[in-house]
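Colleague: Could you put the whole structure together from the sequences, leaning on the hints where they help?
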Amino acid sequence: MTDVRTIVEQYIAVWNETDSGKRRALIADVFTDGAGYTDPLGAVRGHDGIDRFVAGAQAQFGGLTFSLPAEPDAHHDLARFQWYLGTPGAEPVAIGFDVVELEDGKIADVHGFLDKMPG
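The working numbering puts the first residue of the sequence shown at 907, with every later residue one more than the last.
Bear in mind the hints are in silico, worked out from the structure with no lab data behind them. Every value quoted in this text rests on a predicted model; they were computed, and no experiment measured them. The reader is advised that the hints may include incorrect statements.
[What the hints assert, rightly or not] The calculated label-pair distances, taken between Cβ atoms and stated as ranges, are:
#1 A934 with G962: 15 to 21 Å
#2 E997 with S926: 28 to 34 Å
#3 E977 with G927: 28 to 34 Å
#4 R951 with F1019: 16 to 22 Å
#5 T912 with G1025: 30 to 36 Å
#6 E915 with V999: 20 to 26 Å
#7 A919 with A965: 15 to 21 Å
#8 M1023 with R986: 18 to 24 Å
#9 F1019 with T971: 15 to 21 Å
#10 A961 with G1025: 19 to 25 Å
Glycine residues also receive a C-beta, built at the ideal position from the N, C-alpha and C atoms.
Modeller: Quick look at the structure:
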């Protein structure tokens, strides 16, 4: 299995990349062609769907960045990890927990859970 920490860091980089061309290239590197993303706010499939979903989140939370507060936990091509959204050094405005399914060193599916969202 490809290094899970690296894959998760690349995944977080997708969410932080505001240049649409660079973000699309990252998505192609990180996700399988038919990858899916599901969380309480929506469900999308494919690179185009993921790109639109990420762009929408960036429009809503402009200026904030995603980070990993701890190491991912992984087994059998599955990984789970918590993420923070906020300004570096400040209390996160959002906290979530994602489970990713890996296939050939790429993310095939993301199942996201939101633990804390802005009021």
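Colleague: Against the structure, test the hints numbered earlier, and report the numbers of the ones violated in rising order.
Modeller: Hint check: nothing fails, all pass.
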